[in-house]
Every structure is written in structure tokens, then in C-alpha cells.
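K.L.:
Those sequence lines, one after another, are chains L and B.
With full-length UniProt numbering, letter number 359 in the first sequence gets 359, and the count goes up by one each step, no holes.
With full-length UniProt numbering, letter number 519 in the second sequence gets 519, and the count goes up by one each step, no holes.
Treat the hints with care, since some could be wrong.
Note: identical chains are not told apart, hence a pair may lie in one copy or across any two.
[What the hints assert, rightly or not] In silico BS3-like pairs for lysine-lysine, Cα to Cα no more than 27 Å straight-line:
#1 LYS178 / LYS145
#2 LYS240 / LYS327
#3 LYS223 / LYS320
#4 LYS145 / LYS240
#5 LYS223 / LYS327
#6 LYS368 / LYS145
#7 LYS223 / LYS145
#8 LYS223 / LYS178
#9 LYS320 / LYS178
#10 LYS320 / LYS240
Rather than coming from a laboratory, the hints here were simulated on the basis of the structure.
Protein chains: 2
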Amino acid sequence: MTYQAPVADIQFTLTHVIGASALAETERFAEATEDMSEAILTEAAKLTESVLAPLQRPGDLHPARLENGVVRCSPGYAQGYQAIAEGGWVGINADPDFGGMGLPMTLTTAVGEMMNSACLSLALNPLMTQGQIEALEAHASDEIKALYLPKLITGEWTGTMNLTEPQAGSDVGALTTKAVPNSDGTYAISGQKIYISWGDHDLAENICHLVLARLPGAPMGTKGISLFIVPKYLPDGDGKPGVTNRLNPVSLEHKMGLGGSPTAVMAFNNATGWMIGAENTGMAAMFTMMNNARLGVGTQGVGVAEAAYQHALAYAMDRKQGRSPIKGGTGTIMDHADVRRMLMTMKALTRSARAICYDCAYSLDMAKATGDAAWTARAAFLTPIAKAFGTDVGSEVSDLGIQVHGGMGFIEETGAAQFARDVRVTRIYEGTNGIQAMDMVGRKLADGGTAAEALLDEIEATAVTARDAHPLLADALQDAGECLAETTRWMVEQELNDRFAGAANYLRAFALTLGGHYLMKASLAAPGDTARLALAQFHLRQLVPQVTALALSAQEGAEPLYALSVRDFAQ
Amino acid sequence: MTYQAPVADIQFTLTHVIGASALAETERFAEATEDMSEAILTEAAKLTESVLAPLQRPGDLHPARLENGVVRCSPGYAQGYQAIAEGGWVGINADPDFGGMGLPMTLTTAVGEMMNSACLSLALNPLMTQGQIEALEAHASDEIKALYLPKLITGEWTGTMNLTEPQAGSDVGALTTKAVPNSDGTYAISGQKIYISWGDHDLAENICHLVLARLPGAPMGTKGISLFIVPKYLPDGDGKPGVTNRLNPVSLEHKMGLGGSPTAVMAFNNATGWMIGAENTGMAAMFTMMNNARLGVGTQGVGVAEAAYQHALAYAMDRKQGRSPIKGGTGTIMDHADVRRMLMTMKALTRSARAICYDCAYSLDMAKATGDAAWTARAAFLTPIAKAFGTDVGSEVSDLGIQVHGGMGFIEETGAAQFARDVRVTRIYEGTNGIQAMDMVGRKLADGGTAAEALLDEIEATAVTARDAHPLLADALQDAGECLAETTRWMVEQELNDRFAGAANYLRAFALTLGGHYLMKASLAAPGDTARLALAQFHLRQLVPQVTALALSAQEGAEPLYALSVRDFAQ
Chain L
1 MTYQAPVADI
11 QFTLTHVIGA
21 SALAETERFA
31 EATEDMSEAI
41 LTEAAKLTES
51 VLAPLQRPGD
61 LHPARLENGV
71 VRCSPGYAQG
81 YQAIAEGGWV
91 GINADPDFGG
101 MGLPMTLTTA
111 VGEMMNSACL
121 SLALNPLMTQ
131 GQIEALEAHA
141 SDEIKALYLP
151 KLITGEWTGT
161 MNLTEPQAGS
171 DVGALTTKAV
181 PNSDGTYAIS
191 GQKIYISWGD
201 HDLAENICHL
211 VLARLPGAPM
221 GTKGISLFIV
231 PKYLPDGDGK
241 PGVTNRLNPV
251 SLEHKMGLGG
261 SPTAVMAFNN
271 ATGWMIGAEN
281 TGMAAMFTMM
291 NNARLGVGTQ
301 GVGVAEAAYQ
311 HALAYAMDRK
321 QGRSPIKGGT
331 GTIMDHADVR
341 RMLMTMKALT
351 RSARAICYDC
361 AYSLDMAKAT
371 GDAAWTARAA
381 FLTPIAKAFG
391 TDVGSEVSDL
401 GIQVHGGMGF
411 IEETGAAQFA
421 RDVRVTRIYE
431 GTNGIQAMDM
441 VGRKLADGGT
451 AAEALLDEIE
461 ATAVTARDAH
471 PLLADALQDA
481 GECLAETTRW
491 MVEQELNDRF
501 AGAANYLRAF
511 ALTLGGHYLM
521 KASLAAPGDT
531 ARLALAQFHL
541 RQLVPQVTAL
551 ALSAQEGAEP
561 LYALSVRDFA
571 Q
Chain B
1 MTYQAPVADI
11 QFTLTHVIGA
21 SALAETERFA
31 EATEDMSEAI
41 LTEAAKLTES
51 VLAPLQRPGD
61 LHPARLENGV
71 VRCSPGYAQG
81 YQAIAEGGWV
91 GINADPDFGG
101 MGLPMTLTTA
111 VGEMMNSACL
121 SLALNPLMTQ
131 GQIEALEAHA
141 SDEIKALYLP
151 KLITGEWTGT
161 MNLTEPQAGS
171 DVGALTTKAV
181 PNSDGTYAIS
191 GQKIYISWGD
201 HDLAENICHL
211 VLARLPGAPM
221 GTKGISLFIV
231 PKYLPDGDGK
241 PGVTNRLNPV
251 SLEHKMGLGG
261 SPTAVMAFNN
271 ATGWMIGAEN
281 TGMAAMFTMM
291 NNARLGVGTQ
301 GVGVAEAAYQ
311 HALAYAMDRK
321 QGRSPIKGGT
331 GTIMDHADVR
341 RMLMTMKALT
351 RSARAICYDC
361 AYSLDMAKAT
371 GDAAWTARAA
381 FLTPIAKAFG
391 TDVGSEVSDL
401 GIQVHGGMGF
411 IEETGAAQFA
421 RDVRVTRIYE
431 GTNGIQAMDM
441 VGRKLADGGT
451 AAEALLDEIE
461 ATAVTARDAH
471 PLLADALQDA
481 GECLAETTRW
491 MVEQELNDRF
501 AGAANYLRAF
511 ALTLGGHYLM
521 KASLAAPGDT
531 ARLALAQFHL
541 RQLVPQVTAL
551 ALSAQEGAEP
561 LYALSVRDFA
571 Q
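With the rest of the complex left out, here is chain L:
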């Protein structure tokens, strides 16, 4: 089974569920018409199906390796990367002034999903570069922009993010990498960074590291962090890779999956860097970049979920087994109720997460296009949901995919296990899903719940629209929405740690309800489509009932979690 890009459902979701056609009515994204979208998606389908999908297995069988200080990538990755770069896909949403296509994040996300489905490990490379482009566009000087952006946008150079240090994981403020000013305006960067995705490789002529570091005498914590660009090769007078910088990959991690993506420990030894933005404002710049990267990571989950679903479905449709429990069955395991339950769960979760990610991207675009703070708040609220739920779905769907395969699922040659192993890290990096949930009930409810309530109003509107034709489903959606509204009010009145205690359950409940809302919208937009109705019904009657339980558990507060002493845990 090879991946087939679900162009029809993606386009349907964009147009009828998200309403992304409205983008073409803005000045900023006037070019993003439905026709343009279809053309882009069709091109992306060709790239992902024929060039990238065949690289998925080789990345696992022959992971990137460090040889004599140089990272050698998996077989075929060089050609795959070249196709991505030459197709202009790295700069799909970058500034046209520097060679980008200037397309909306909505479309970037849809294309990203396809690349993630086809080959997650390689697709992570341009995702890192895109994050860097965004950071430079927003915070770099004109000189830096002119030098770096064209190279990054064409994919001639790639980008990385260097945040984490051994003693500073989720707590970025604890980092100790130093940046000492040189006499020429540059900085000497020294320190060690870990978990650097695509920190070194042989796919492009230069690698640009965005590094968080501290200036001498900078304040403690996150307020004393500045951002630097530190290229592997220092650009010469013509902007070409020149002298080798004083940095190197120390080792690559031996991971559970995603072997095609080299994860490096990077050492900086008085490496030359240039500051991005003002002194001690590195965290703000990083957050710009990180928020969009969080959506990108959520979309990684969606991509893997889609691919794992297709993979399991192809197996189920082919696998003959036993007497059929139904009349007129196919003789395959598709006849079995429990196999159908698994596949419908996979499909419903994947489509829910897809719509959440696209809607988040759409909100970012509308915020850019209109400058309306309500769109910014909507995007900000949806971001942790997109990241955490998207990646949870990636794991859950690929795990169900293994189960659909039965014994074959545990055998690596089948490929089902790789999806689960590869996607596992997405729930961890770019802020663990626990951190996402804390962000959601902390920062994202700091507005007193306004952004949350605006989304809940949309959900209620869908329920109202659905009521005549589908009263039971409308009730299920409305009940879940009301349950969330009540939980939201509870949340905003609590101390932070009481919110945190219920954060994961609240996020899950919100995401499941949003999924019901989007799948219902999809069904309403296609009145004769029995399959879309059946999927909405499945989601609302098999998955959304959990919302009540999750909302209840979310309101228990922190105290019960601290009733066990550390010693009690170990008993």
C-alpha cells in the first residue's frame, strides 16, 4: 500500500468545513482562490505520492548516521529533499519579496500534512526551515534577511532551532549557553544543545542554527535570553558558504523512531553568531516561531494518522479471514464489527484533528489579513489543541493501525509499527502535550474565557443548524458544548495549579467536541452524503459521550493529586 494524498477531502475540508475561500476575499491572500488551492494540492499530491512516500521505509531501515564528524542521511533523502526544494515547497508561505510564494498558512498546513503522511522524517527538515524563515521575517535586521531568507526559501540552506540543553528541557529559562560580544558586532557562542532536529546533514550547502543564549550579565531566567543565528559555514562576501564555523554535531540520538531525521547533540565553541532582534528578547522571538511550529507538529500527527489509516484500511480490505459475521459480506476482516469500529475511530479522529489544524491555520491567516485581535486569539486558543490533540491522534490512530493488522502489525516489514514509532516524539517535542494543556488553561484562558466562548458559540450554532435534520446528533453536540462552557467558567475562576490538574482532560474534551462540530458541519455541507453523516454520527455517539466524563474529572482540582507523598508513589 502506498500513500494516496486525500486531495478531495482536504479541499472539501478547506472549503466547506473551514470556509477558507474567504481568504481570497482579503487583500493579503487574494491569490488564494479555490482554483489555486486545488492546483497546489494536486502538485503536492504528485510530490508526496511518488517522490516522498518511497523514502519512508529507507529512513527507518537505514537511519541517518554520524561518520567522522559528518552526518550521512538515509538513502534517497538527497533526491527527495532536492525535489522539495526545487518545487518551491520550503517557501510556500514565505514573503514573495525574498522568493517565497506568499500563500496562506492554511494551504501550507494542508501541504505539510501530505508531506508528513508520505515521509515524516524528511518532512521535518523543511518544517524547521519554515519556522526559521518566520522568525527571521518577524525579527531579523534587513541585512540578515537579505542574506539568509533567499537561501532558506529556495532550500539551498536549511534551518534548525537550538533551545534545549541537558539541564533545561521544558524549562527553557534555565539554559546556560553563552554569547560574548566580539569586536565586530558578532557574538561568540559557546555551549551544548540537545535534541537538535536536522542539526547536521548532507542535503544542503549550509545549515543555519537559531540558538538561544545568554549575554554576559543578562538577567536570570527567560528574561535574559537572546536569539542568534549561527551558520555552519560563515557566508563570504558573495553570500556563499565560506569559512567553517566553530560548531559541530557531537552525536546522534538512537531513537524509538524517526530514524531518517538526524537528532543531534550540537556543540558550539566560540562559534560566530549574529543577534536576531534586541538583547534579552530571544524568548519572544522564539515564541513566534514556536507557536507556528506547534501547529506544524500537530499537523505531523494528522499526516501520520492519515497514512496509518490508509495503510490499515488497505490491509483490512485485503485480508480474508474466517466466516463472515454478516450476510453479503466481503469475506475480509472488514466484515467484522470491531474492525469497523477501529477503522471508523481512526477516520473520525483523523478528520477531527485535520479540521482543528486547518482551522487554526486559517485563524492565523485571517489574523494576518485583517489584523483583527479576535482572529489572533482564536488562533492562539486553537494552537495547543492542534498540537496536543493532533499528535495524540497520530499516536492513537497508528496504534489502532497496528491492531487492525493483527500479528502482522508487530512485524516491522509490514510498516504499521513504524508509523507509531515515528510519530511518538511529536507528543513530546515542541512542548510536551502536558505543557500544551497547561498553556491552554493558563495563557489561553487568561482572557477570562473569551476566545473559548467564541468557539463554543460556533459549536452551538452548528448544533442549532443540525437540529431539524438530526435532532439526536444536535443534542449530543449541544450537550458537549454546554458541558465545556461550564468547565471553562470553572477553569477561569481557579488558581493556576487547579487548572493545571484538569488541563489534559479539558483539552481532550474540547478537541473531541470540536471534532463533532467539524464533522457535523461537513455532513451538513454534503446533504446526500451518507458516509459523512455516518462518520459524524459515529463521532458524536461513540467518542463525544466521553466529554461529560472528561469535564467532570477536569474539575477535581489539584488537591487529590497531592494526596500521595513522593514516598507513597514508590510504595
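Following the hints, put chain B in place on chain L, whose structure we already have.
P.N.:
Showing chain B alone in chain L's frame:
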């Protein structure tokens, strides 16, 4: 972090939650006193902590491999296996007449859990042999018993189960392996079997295969299957391994995990075998063996869950990170509500699954000791729950263990990922968890719900006992029980496929409620123990609320699952 056998909680669970002391009052298990139990558990702790646990990583790093037709095991496995055999652990519950210890399955299960925690892949070897011992004790002729049982019980020889063929997975009746009578009363066995755990290895002097095959002219399907014992080396006149039999491992599977356990494709080419039991009764014999093996596999899940929990807890207690969100915290990630939520979920699920498995084993013992059909029915009803929930918990807890580790969780050196990879197959083999759920709502409700209702009565009794001291928790337990009672009544009135459609949700709901019942019993048995109360509270208020949603979804029937055509799935 090395594994520490939780002897205290195991003993507490056996005595106060399951009430296993009653076994010593029966004639059959008069020796199984609390003192004996403690002595056995203490010995098993020594073996598992110091001998077996160090083999866990080597099994993953250096999986068993097939070299020139011979399987070479992972480093240290030979010594580990020898320690298991010499300790008498293979024959712990086997018939004393043949050298077994004759101890109850309850204690066997507790010891099995420890071995699974320490090194799942190696522990699978004696588990297979134990299944074979049981099958031979129940169905073999005196001659076969006298020849094979003493060797299997000492661990000099090991056993395997050969059911699956490429075209016959869950549908065992489709198998085609042939058994042609020889003139001397033996049979010539020919065919290929797949997924044979420990099908070949270099740990013991002989390997005895129990093989399902068809006699010439046997009926189609499961009614035409007979069981044979087919040793690697034919026993000579002295009962020692003699002539090499015509069978061999063709290949070993390359798996997602459990690399220390060789999973072989076995070829039988007119191999000599002896029939076990009567012609065409192989499935019945296999079911005896499989039912106990299912409990054994559920216990694999519990073992891995316990080990993964300990591993994650040790990391969390050690990992310093960020500002503490609480006053008087430890400065480690244990201070964070969401980390505590994960760890408490892990602990509650592990203890729930442990109690379910032990209670299932206890029911088997009581059935043997008393001959009372109610105990047999209780064991039969608990078996699919023990297998499916135990292994689901193994996966869920080890997955949470990865998450607790953050970025380190994705790095193989940490060891967290191995638990999740190793345990993944337990949800598939010995009947997938979907098959378990179908068994539960099919065969195990064929009594009209009597066995289910008897368990629900026990749950209600716990709620009644708890009411005075803990009214809210008692309500939560009672509500869940009533919800299950109603769902059970719904189930027994439905067509089989409508039951199947809700089977997985029903099983999950039943298991979560049983978990609440056992954790509440544990708390009631230790009145001053705030930790046990806190854990019961967590389970009943964070996990048991899902029961209502699951029960609701379980009663939707099959129709919605068939509303999508096969083609619709692929859209």
C-alpha cells in the same frame, strides 16, 4: 533504575483484596498459606531483581538470531533460563506427581507478573512451557505424561504452541497442516506454522511443539482439528533426546519489540508426532491451554506496567526542572500536577489490572479446589477482561512512562520505549483484544448474564460497605455498577453482531469498574492508609466516570458501523 519486586503490594492484594488465604482452607491447596506465599514471593523477588532484570536491555540490543539453521539467544539468556529452571519456577503450579510444586495459579500469576516485569521476552519461555504442561496434564495419555512432564517441569525441555498458519490467524479452523498416521501409531506432521514464540532456541536440550493439524478426511473447520506433540529431538529408549525430528525454524520475525524472544516460522516435513487426546478434539484441548495462557498474557501486561511505572517514577523523582508550582516542593517534575496525574493513572491502572488477573487466577484455583461451577464461570468471565485490560494497561502505562520522561522517553538508551515496544504484541497474540471482547459478550454472556451479575453483586457490596466512610466514592462505584448491570441486560437480549459492536467498550467499562471495586476494597482493608484511599479516589473520580460514556456507546448496536460501505472507508 532497576526493577524492585512489589512484594508488599502483591501480598496485600492477594490477602486483602482477593482473599486468597481461603485457598489454604481447601484440601487441594492446603499448603498455600500466607507464610508459604510470602516465602515464594520473596524468593521470586530475588530471582527477578538480580538475575532476570539485567537481561531486559540485552534482549533488545542483541535480539535472538537464526544462524545456519540454529537460533542463538541474546547474551545472558542461557544463565537466566537456567536460574528459572533450577529454581523450579517452570513447574510452580504443575502436578507434584511429576515433580511440580502444585501451588495455586494465584501464586503462579503473582510470580509470573514479577518475571514479566523483569524480562518479558525471557519470561515468555516458561509461560509457553506452563501452558503445555497444563494441556498434557489434562489431555495426554499416561505414557506421554510420564515421558514429557518431568522434563518440562524441570525446564530441561521447553514447550511451544503451534496454532497459526499464514492463511489462518484468528480463524484457527482454516488451518491446513496435515497429520498422516504412520504404521507405528505415530503421525507424520507436515505444514508451516507462523508466530511460534520460542519455536527454536539454544537454552534447553529439547523443544516440544504442540501442533494443531488435520487427519486425512477430517471434517472442515475447528471440528476436524487434532492435537499432536512433536519434539525437536525424538526421545530415545531412555527418554533422552535422540534422533533429530523433521522440523526446523525457517526464519525469525523482525519485530517492533520483544527481540529477546525468538518468534519463528516453523516448517514440519513429515515430522513425527504423537496425538494428544482423541481425534478431532484438538480445539478443546487447545482451549484449555489457551484460556490459562490468556490469563498469563494479561499478566504480561501487568508486569510491564509495573516495571514501566517504577522506571518512570524513578526518573520523575530525580529530574529537576523549572520553578516548582507548589510550596515546599521537591524541585523535581514530581511537583507538577500533570506529571502526578500521569503517575497516578499509571499506578491506578496497574493495580486494577493486577487485581483483575489475580482474581481470575483465584477463581481458577477455587474452581479446581471446590469443583463449584460458579467459580469456573467466574474465572471464564474474568479471563477475557484479564487478557484484554491487562495488556491494554501494559501499553497505556508504558506509553505514559515515555511521556513522563519527556525527550528522554524517545531515546532508546533510556529504556522507557522498550517497555512500550515489547508489550505491544500482548494485545495481539493469544487472541487479539478485539477477540477477547467478542468472547466476553458472546460465550461469556451465553449464561444469560449470571456470571456478570454475580460480579456486579460483589461490586455493589463493596459500594455498600464503603458508603458510611466515603459516600461520594461509594456513589461513583455504585453508579458504575448499575450502569454495567443495565448494559449487561441489554447485551444478553441482542443479536450477536450487535453485542460485538459494543464489545470493546463494554469490556473496558467493566474493567474500569472492577478496578474501582478492588482499589476501594484495598482502601477499606487499610483504614489508616491515606495513599490507598487517595488512589481509590483518583480511580473512581478520574477514570470511572468514563464508564457511563462507554456503556452508552456500547449499546449503539452494529448498524451504525455498517453505514459506511467499504468504498466509503476509502474516500
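K.L.:
All hints are to be evaluated individually against the structure, with a verdict given for each.
P.N.:
Hint check results:
Proximity of LYS178 to LYS145 under the C-alpha cut-off of 27 Å is restricted to the intra-copy arrangement: shortest distance 24 Å within a copy versus 74 Å between copies. Within a single copy, LYS240 and LYS327 get their C-alpha atoms no closer than 69 Å, and across copies no closer than 54 Å, so neither meets the 27 Å cut-off. Only between protomers do LYS223 and LYS320 lie at most 27 Å apart by alpha-carbon distance; the minimum there is 20 Å, versus 61 Å within a single protomer. When the C-alpha separation of LYS145 and LYS240 is checked against a cutoff of 27 Å, the pair qualifies only within one copy, where the shortest distance is 15 Å, while the shortest distance between copies is 80 Å.
In this assembly of identical chains, LYS223 and LYS327 lie within 27 Å of each other by CA distance solely across copies; the values are 23 Å between and 68 Å within a copy. Taking the shortest Cα distances, LYS368 and LYS145 sit within 27 Å of each other inside one copy (20 Å), while across copies they are farther apart (79 Å). When the C-alpha separation of LYS223 and LYS145 is checked against a cutoff of 27 Å, the pair qualifies only within one copy, where the shortest distance is 25 Å, while the shortest distance between copies is 76 Å. Taking the shortest Cα distances, LYS223 and LYS178 sit within 27 Å of each other inside one copy (14 Å), while across copies they are farther apart (75 Å).
Proximity of LYS320 to LYS178 under the C-alpha cut-off of 27 Å is restricted to the inter-copy arrangement: shortest distance 22 Å between copies versus 62 Å within a copy. For the homomeric pair LYS320 and LYS240, neither the shortest alpha-carbon distance inside one copy (59 Å) nor that between copies (43 Å) is at most 27 Å.
The structure does not agree with the numbered hints 2, 10 stated previously, though it agrees with the rest.
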